[in-house]
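Engineer: One-letter residues, chain by chain:
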Amino acid sequence: MVISASHLSKYYQVSQKEPGMIGSLKSLFSREYETVKAVDDISFEINEGELIGFIGPNGAGKTTTLKCLSGLLYPTNGAVSVISFTPNERKSEFLRRIALVMGQKNQLWWDLPAIDTFLLNKEIYGISDEKYNIILEELSRLLEVEEILKTPVKKLSLGQRMKMELMASLIHSPKVLFLDEPTIGLDVLMQKKLREFIKEYNIRFKATIILTSHYMQDVEQLCKRVIIINFGKIIFDGQLSSLVEKYTPYKKVKVLFREYADPKKIDKLGKIDSYTYPELILSVPNKKANSTASSILKDFEVEDITIEEPQIEDVIARVYTENKK
Amino acid sequence: MLRVIVSKVESMKKYYLIVRNTWDEMLTYRASFIMWRVRNTIQLLTIYFLWLVVLPPGKSLLGYSQPLMLTYILGTSLMDSIVLSSRTYIIGEEINNGNLMNFLLRPVNYFLYWFAKDIGDKAMNVCFSIVELTLIFIILKPPFFIQTSPFYILFFIFSAILSLFIYFFINFLLGLIGFWSPEVWAPRFIFITLLGFFAGSLFPLDILPKTIFEIMKFLPFTYLLYFPLKIYLGQLNFPQILSGLAISFFWVFAIYFLVKIIWQKGLKSYTAYGR
Chain A
1 MVISASHLSK YYQVSQKEPG MIGSLKSLFS REYETVKAVD DISFEINEGE LIGFIGPNGA
61 GKTTTLKCLS GLLYPTNGAV SVISFTPNER KSEFLRRIAL VMGQKNQLWW DLPAIDTFLL
121 NKEIYGISDE KYNIILEELS RLLEVEEILK TPVKKLSLGQ RMKMELMASL IHSPKVLFLD
181 EPTIGLDVLM QKKLREFIKE YNIRFKATII LTSHYMQDVE QLCKRVIIIN FGKIIFDGQL
241 SSLVEKYTPY KKVKVLFREY ADPKKIDKLG KIDSYTYPEL ILSVPNKKAN STASSILKDF
301 EVEDITIEEP QIEDVIARVY TENKK
Chain B
1001 MLRVIVSKVE SMKKYYLIVR NTWDEMLTYR ASFIMWRVRN TIQLLTIYFL WLVVLPPGKS
1061 LLGYSQPLML TYILGTSLMD SIVLSSRTYI IGEEINNGNL MNFLLRPVNY FLYWFAKDIG
1121 DKAMNVCFSI VELTLIFIIL KPPFFIQTSP FYILFFIFSA ILSLFIYFFI NFLLGLIGFW
1181 SPEVWAPRFI FITLLGFFAG SLFPLDILPK TIFEIMKFLP FTYLLYFPLK IYLGQLNFPQ
1241 ILSGLAISFF WVFAIYFLVK IIWQKGLKSY TAYGR
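Protein sequences, first through last, are from chains A and B. Read in order, the letters of the first sequence are residues 1 to 325 in my numbering. Read in order, the letters of the second sequence are residues 1001 to 1275 in my numbering.
These are calculated hints, taken from the structure and not from any lab test. Don't take each hint at face value.
Unchecked claim - Just a sample of chain B residues kept apart from chain A, beta carbon distances all over 12 Å, derived:
(1) MET1012
(2) ILE1018
(3) PHE1189
(4) ILE1241
(5) LEU1245
Unchecked claim - List time: in silico DSSO-like cross-link candidates among lysine-lysine, alpha-carbon distance up to 30 Å:
(6) A/LYS175 to B/LYS1013
(7) A/LYS91 to B/LYS1141
(8) A/LYS192 to A/LYS131
(9) B/LYS1210 to B/LYS1013
(10) A/LYS154 to B/LYS1260
(11) A/LYS105 to B/LYS1059
(12) A/LYS254 to A/LYS233
We put the beta carbon where it would ideally sit given N, CA and C, even for glycine.
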């Protein structure tokens, strides 16, 4: 077990201010604080080499959890352990083995080429020249950035910069990697490339990775297991496939009739979502989807029939809203 | 034993690289840096000509002859730009905008990081100062007081280094306010104001009434400018130098420990926001 959190909680004191000038004056003298439970008693365990999708709506506590795991924050309650270290002690041995990459934060020296930051990180992590050259070559080949290593960071595009940020965080080949929305703001092509890279890194370095993202494509293509968090609490922890099973037990069957079909006859097939001739949309339990489709083909004159897998976005949206109640 | 030293030296290499990156960064903004030096030089010359008029040759003011006064005043402005310059004012902002995270996530010492940055900054400024001063000497031939005794020069350098540490730690401390409040500049302005008066950058402190001066002897400010320059001018005897150095040492360590405690406390309440 590489990462474990038991009953982890993190509360923030947030000062409140009434709007306007009077509110500002009032807050000078007496400030009211409200306790925000960013993370509230969560527990989970993650094994070596796992690539976990850590998802939840904005403000659910994802980033706070990652910050606790990487030692930036002291937990209010509970304990975390990462590669058998207590993260907030920030021991050098620990820091050498982890990395936290935030899509919206940068560590590169703005005015200098990225290679200067890499060299500095090389010294910070005490990497030998030999090892550094191998890693640098490998990373820049995987990310296809050989030509822009010597360009000042401020002249790079967002996507190029994100690649450089990732490289700077991986130069010490961390065994545990926390990725906080690494694909944010990138175009589809770049997202795909980055996803492939993350997968490759996971396999090649046997790294344990926790990934947060609002792009369900990321999660769907990378992670077998997902942890869903909302209002600071874990609401789902398990295989992505069983999540889909649990929250959308239905598949949609879309039929295009060649001839008008009697609605009464259709009724028996399953729940009708909509029927405006010639198009029919049915909700059918997952396991019955195939048999229903074949009986439709047998009993009606059909132009076209499709079975739609539930969209992961819809599933997640349902998880979020159901847990609001 | 040797291996320990080797690994220590190896780990210092990262700080050397920070110094070098700081230079590269400064050179990116060449024009700004050069204008900054020009401003410094003009300021230096303004004060120089002012005092040249106030205090004609052969006259003395409050016990300071013209060369001594000129040397003192120009010395303070030189020290101001080299010893009392620190980029650590950015610390407060870094805490508030979340940049501090980058350091907490890596095996790097945040104090040493800033110290290395400051050293890089100072080294660059010293190089330029030497060139500028040489030019001033050649063109204006000012009646400066040149200390020749290695005894005084040595103690001057030593006390200037202590001054550098006191200043560095005070600034670091002021930056740490960022852990609790985004208004890191308010206390800094007070500090700058205090510094202008109590450090002796406008006039030598011993022209003040004796009781006030006696109290100020125990404050850290006195040891930032006044004390090192008095050593340079050779106006302090050995016991005075020793007691001054002792008080400087006390402040270096006192403020250093304060910084350490506040830093630890700050980290505990750090919320790493910025998103």
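Engineer: Each hint should be assessed against the structure and marked as holding or not.
Structural biologist: Verification of the hints:
{"no.": "1", "hint": "MET1012", "verdict": "violated (9 Å)"}
{"no.": "2", "hint": "ILE1018", "verdict": "violated (7 Å)"}
{"no.": "3", "hint": "PHE1189", "verdict": "holds (18 Å)"}
{"no.": "4", "hint": "ILE1241", "verdict": "holds (39 Å)"}
{"no.": "5", "hint": "LEU1245", "verdict": "holds (35 Å)"}
{"no.": "6", "hint": "A/LYS175 to B/LYS1013", "verdict": "holds (25 Å)"}
{"no.": "7", "hint": "A/LYS91 to B/LYS1141", "verdict": "violated (57 Å)"}
{"no.": "8", "hint": "A/LYS192 to A/LYS131", "verdict": "holds (28 Å)"}
{"no.": "9", "hint": "B/LYS1210 to B/LYS1013", "verdict": "violated (49 Å)"}
{"no.": "10", "hint": "A/LYS154 to B/LYS1260", "verdict": "violated (34 Å)"}
{"no.": "11", "hint": "A/LYS105 to B/LYS1059", "verdict": "violated (61 Å)"}
{"no.": "12", "hint": "A/LYS254 to A/LYS233", "verdict": "violated (37 Å)"}
Of the numbered hints stated above, those contradicted by the structure are hints 1, 2, 7, 9, 10, 11 and 12, listed in ascending order.
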